[in-house]
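Student: First to last, the protein sequences are chains A and B.
In terms of this note's numbering, the first sequence opens at residue -7 and continues consecutively.
In terms of this note's numbering, the second sequence opens at residue 851 and continues consecutively.
Just so you know, not all the hints are guaranteed correct.
Residues from chain A shown here face chain B by an in silico Cβ test under 10 Å; the list is partial [stated by the list, open to error]: (1) A6; (2) G40; (3) R47; (4) E57; (5) P61; (6) V91.
Because the hints were derived from the structure by calculation, they are not lab data.
Glycine included, C-beta positions come from ideal geometry on N, C-alpha and C.
So the chains spell out like this:
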Amino acid sequence: MLPVMTTALSGALAYQATLDEVAHNLANLSTPAFRPTRLALAEAAEGGVIPAARRLSARPGPLAETGAPFDMALPGPGFFRVRLPDGNYAYTRRGDFRVDGTGRLVTHGGLPLDPEIRIPPDRRVEVRPDGTVVTFGPDGAEAVLGRLEVFTFDRPENLVPLGGGLFREPAGETGLTGLAGPAQPQAVVTGYLEMSAVDLTGEFARLIQAQRAYVLNLNIIRDQDRLLGEAIELARG
Amino acid sequence: MIRGLYTAISQLDAQLRRQELLAHNLANIGTPGFKQTLLAQAERARLGLWRLGDPALILPVGPLGTGTALEPAAIDLNPGPLVETGEPLDLAVDGPGFFVVQRPDGPAYTRDGTFFVDAEGFLTTAAGDRVLGEDGPIRVGNSDFSVASDGTIFVGEAAVGRLRLADLSGAPGLIRVGDNLLRPADPAFQPPPAGGEVRQGVIEESNVNLTETVAQLLVAMRAYQAAQRLGLLADSTLDRAIQQLGRWD
Chain A
-7 MLPVMTTALS
3 GALAYQATLD
13 EVAHNLANLS
23 TPAFRPTRLA
33 LAEAAEGGVI
43 PAARRLSARP
53 GPLAETGAPF
63 DMALPGPGFF
73 RVRLPDGNYA
83 YTRRGDFRVD
93 GTGRLVTHGG
103 LPLDPEIRIP
113 PDRRVEVRPD
123 GTVVTFGPDG
133 AEAVLGRLEV
143 FTFDRPENLV
153 PLGGGLFREP
163 AGETGLTGLA
173 GPAQPQAVVT
183 GYLEMSAVDL
193 TGEFARLIQA
203 QRAYVLNLNI
213 IRDQDRLLGE
223 AIELARG
Chain B
851 MIRGLYTAIS
861 QLDAQLRRQE
871 LLAHNLANIG
881 TPGFKQTLLA
891 QAERARLGLW
901 RLGDPALILP
911 VGPLGTGTAL
921 EPAAIDLNPG
931 PLVETGEPLD
941 LAVDGPGFFV
951 VQRPDGPAYT
961 RDGTFFVDAE
971 GFLTTAAGDR
981 VLGEDGPIRV
991 GNSDFSVASD
1001 GTIFVGEAAV
1011 GRLRLADLSG
1021 APGLIRVGDN
1031 LLRPADPAFQ
1041 PPPAGGEVRQ
1051 GVIEESNVNL
1061 TETVAQLLVA
1071 MRAYQAAQRL
1081 GLLADSTLDR
1091 AIQQLGRWD
């Protein structure tokens, strides 16, 4: 009976991991630019099942209009680049930016964009579709403040999520460095945000399935335990 | 009476093995492309019992059962349901073909099309084994790709390879390698190429039938319990024979 229990235990653990993942995806149903992940399960050679690998969805979320001046969305592939406090780069598609106390354009989490863009106070600022940020002087003279660079990855699904919509390059892999794309006429859309890419119906279907499978495997463990207990009782005579 | 004990034990063995295989099927109810194990049980050979002695009096006494055993497990190759995911790296075969992947010890076969792309741009399984095309591993490189229904993979307009699909239905026996892979039990068996339409953005789910498998597991557990009782009954009969039948006072 013990192999049955370890097999069922591997099932309970795998479906628990699936449930955790689906719960995380569902919790981020309204997180801008969130990409759901999926846990791939694999049959274990010695019996049972193991979580094999996790894959980030390759599908972007839909764009929604917000009207906020520093809300930006990327209609094509690519990422904004930000600088982490430790000096490393991270990448994000989440574009609900704001201006911090020192005038820098930062993410919702307060990380500065890279290359840095400083917004002068009390000035009208405009972000052009190609990413150029311009301001207008009191006399109406135009001044360029910088350009929002869009970095593209060869295989964005291999990026490592850091939480908060941030990703970093996977360590030690080649060909995955983010490259600033050439200036494109329609790189950035202002006043729009990329919504979460979570597919509610699909996630719910997976939730129900994983929950059923989880309970089922737990029930097998319980029943086996009872059977074992009875066998011990019987042997006692 | 001792014979009865052996019969009961053969049933305990068979039902235990049956529970293990059914639990393996149930643990893999959410594994994409999983193929369930089918179980068959058969009576062990019956023996003929003859009375020996005077040659003129050699007479048949009757048949003697020797219990039961599980037959070697077969793998059910029927397809599981195909489910749309919309993910470009999810592929499924609508038809009999299996994807062929490269393992260090030779090719292995799977219906699980949850694919990844490794650092060198090759299409792999979740375990990191490269997926084979007609001309070796398929390199999709760093761009998005599309898959035609005949399995040809296009990066942009250029075809980079065609997925190899193998037909395992003729294999005399299949073994489970792990990582959702199957392999013919006879290493000399070369699976012929198979037909089938490859679909992108679709995944094949496990072909385990939940209700049926749970019912079979309950039956196996009850049969196991019944065999336990049977063993005890044989034991107590034996006990009585020893303690009471053989006693005179």
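Student: For each hint given before, does the structure comply? Return the numbers of the non-compliant ones in rising order.
Tutor: 4, 5, 6
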